[in-house]
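So the protein lines, in turn, are chains A and E. Numbering-wise (our numbering), the first sequence opens with residue 729 and increments by one. Numbering-wise (our numbering), the second sequence opens with residue 8 and increments by one.
There may be inaccurate statements among the hints.
Computed footprint of chain A on chain E, listed as stretches where at least three residues anywhere in the stretch have a Cβ under 8 Å from a Cβ of chain A [stated by the list, open to error]:
id, segment
1, 93-105
2, 175-183
3, 309-320
It should be emphasised that the hints constitute simulated quantities derived from the structure, not laboratory data. Built from N, CA and C at the ideal position, the CB exists for glycine as well.
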Amino acid sequence: MRYRTFVVLVLLMALIAACGDGGGADTTTAGGAETTTGDTGAATTVAGAATTMAPEEGGSLEGVELSLWGWSSSDAENTALNDLVAQFSEETGAVATFQPQAEYDVALQAALTSGDPPDVFYVDSLRLPDLADAGALAPVPDGAVSNPDDIFPSLREAFTWDGTWYCPPKDFSTLGLIYDPDVLEAAGVAVPTTWEELAAAAETLTTGDAAAIAGGTAQAGLSMGVEYARWGAFLFQNGAAITNEENTAMTLDTPEAREALEYVAGLYQDGYAVKPAAVDAGWAGEAFGQGKAAMVVEGNWLPPAMTADFPDRNFAVAELPSGPVGPGTFAFTVCYGVAADAANPEASWALVDALTNEEGSLAWTEAFTVMPAREAAATEWTSTHPDLEAFVAGADYAQRWGFVPGFGDVLGVLNPGLEGVVDGNMTIDQVIADTTAAGEGVLGG
Amino acid sequence: MTADTPLIVEAAPRAETFTVKRGMRLKGGSSLGWLFSAPALIGLLVFVAIPIVATAWVSLRDWSGLVSPFETEYVGFEKYNELLFADGVRRTDFALSIRNNFYYVLFVVPIQTTLAFVLAVILNNKFLKGKGFFRTSYYFPSITSSIAVTLIFVFLFQTSGAINAILPFETINWLDNANGLFHNVLGVIGIEDPPVWMVENEFMGVTFWQWIAGPSVAMFAIILLVSWTSIGTFMLIFLAGLQSIPESVEEAAKVDGASTFQTFRHVIVPLMKPTIFFVLTIGIISTWQVFDQIYATNFGGPQKTTITPAFLIYFQSFRNSQASLAAAIAVLLLVVIMVFTFTQRRLIKSTGDV
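Just chain A, same shape as in the assembly (with noise of 0.2 Å):
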């Protein structure tokens, strides 16, 4: 009896509480898009609200409450950060805020989950057809990002899903190869721009094994973490990728791919490059900083990371060397989203366009190693880091970091599977056969 009565009470609850979060879910169906009928639809409303929204300029921002989210990568950059939205909020009379997250994927899921997301929040090019494709963000309303044509259109595109582009972005690194000139010079080795030069560069400038080298008494040619963020680089460098353009079939079991998975893959079984988890590094940036690899293939994050923790040691960036069919680079890039519940999208398109127009972007980033997304102020930011040079000049032919809603299923078996290449407990064309089926699962194709 009393058992029934706690299982009584129990659905009891349970019903209680979902129609109490289906009510507030309605109210805010009310408010804000239809979202029942899917993406296309909630993103029409949102776009069709954007229209009608008027720029205004002046003091009409006084007042609105605006939360920016964001994740903390140093002291440093919440306070330019900081500086910046102070300085837009003394402007508009707004009331914008920076907030970072602690673990930020998971505080921004919960923000979105509960209808209350922040107003403007970071969206990591990897992340955004997820976030798109769920409808938590809102499409760039026309006008509402001033020069829209200034921003590299490789980024533009990170930021692009089914057509639509969602946010600017805030900043943006490539990969480049970071080398130590003085290293360099006493082996005798020019800084290497093709296959064949890297490959006799970092043969040449490998003193030892593995052991020798995680024990501090050797140097390996080249340290590079096994996964697809770098190897990907060399794919493209051959005419090849993991997908095409589209995003809508697998092409890794091509012949242009299977040979620069070959030519990565040589190096690392021929002892001249080893994984950073080899030689008891974090990831390749410690590894050079600890003198264990002459050269890494790494982005814009490297310079700070070094003068934080190894401040003592030299280092020079050149671009990528080019494959057989030319360079290739990824660009991993961030972007300032507007949440499609937005309470206030005007003020938020506001901010957002402060933050990333030609002076903002400038202002953001010309105090750190990331670069502006946008052209012009990429120049003027050349001229005050002449020595990083060489991460903008890959922008041209980057391509972005970024795939369809589920794909990190696909990564999750490539990576494995090239450490297993590495490990030589796989073959590569084991590795390009699981993953292009676990592709087409995902793709559909």
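Take the given structure of chain A and dock chain E to it, following the hints.
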């Protein structure tokens, strides 16, 4: 159990006529009982019962985790189908996570239970000096943050770390080593190449040869770490159990002529059975939920040999925007834990009364 019954019978009539000081008379003890247990019950309901029901509900929908779950589509058992029957990455991942975690449980539970019991017996010796010191030092790892302990172990186990410096073998790559322990053992006794049928046949997308791989060397390092950490907690529980055994029982055994080992084997161990049962149950449940150590050492790598169901839940939910899939894994994990706990209960019961 029978000893408790009279107490309840006796208590019930009293409660019927329970009089509150202010003169308010309460009819029936049951409503008063509900009232007193309400805070705990509401807590259970809000933080346990409803989340469980919600998880099961979410697992039947197609929810990315990025919008309100009430706006999602009902897809029935599709997520379960993806995890258990449909050919693909998700089934393979799930199968690997079950394999990895099974070997993990297989090693950690016996190691931690046995060592904790032995330590507790030693510490229960009345002639031992400095008990407080030993108790504290064995318990210390258990109360330290698991992430902090894990990071220290990562340093100890790295190629140039202290473990390799102490061990008299050639340098072992512990943490970045995907080779299965059983495969390594088979290799040592001369079986390098797997039998063809084990490679050609598979179950849930994983070949039989991979199923019998054993924990990878990286997972084995985590097994050692967790065993070391959790021994303290269980030692304390065993110690409490041992101290509740009256001295007279041991003395009686001695008078009857039992040796120390016989006393231990035939008196202490049977009397400790409820405690052993408790420790095993808690041990099995917690080892099937291992997450912190996995996250902090290798994030599931190398080559997925340290992914576990709990890790997959996190990964699918927060990194791959597949919250419904994660919920389905959580429900399946619950089933796995229940199966193991009941089996273990059955086994213990069949060897005598609990």
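Hints, verified against the model:
Coverage of the segment 93-105 of chain E by chain A holds in this model, with 4 residues showing a Cβ closer than 8 Å to a Cβ of that chain against a need of three. Residues of the segment 175-183 of chain E with a Cβ under 8 Å from some Cβ of chain A number 4, which satisfies the need for three, so the listed coverage holds. For the segment 309-320 of chain E, the assignment as covered by chain A holds, since 3 residues bring a beta-carbon within under 8 Å of that chain's beta-carbons and 3 suffice.
When held up to the earlier numbered hints, the structure conflicts with none and fits them all.
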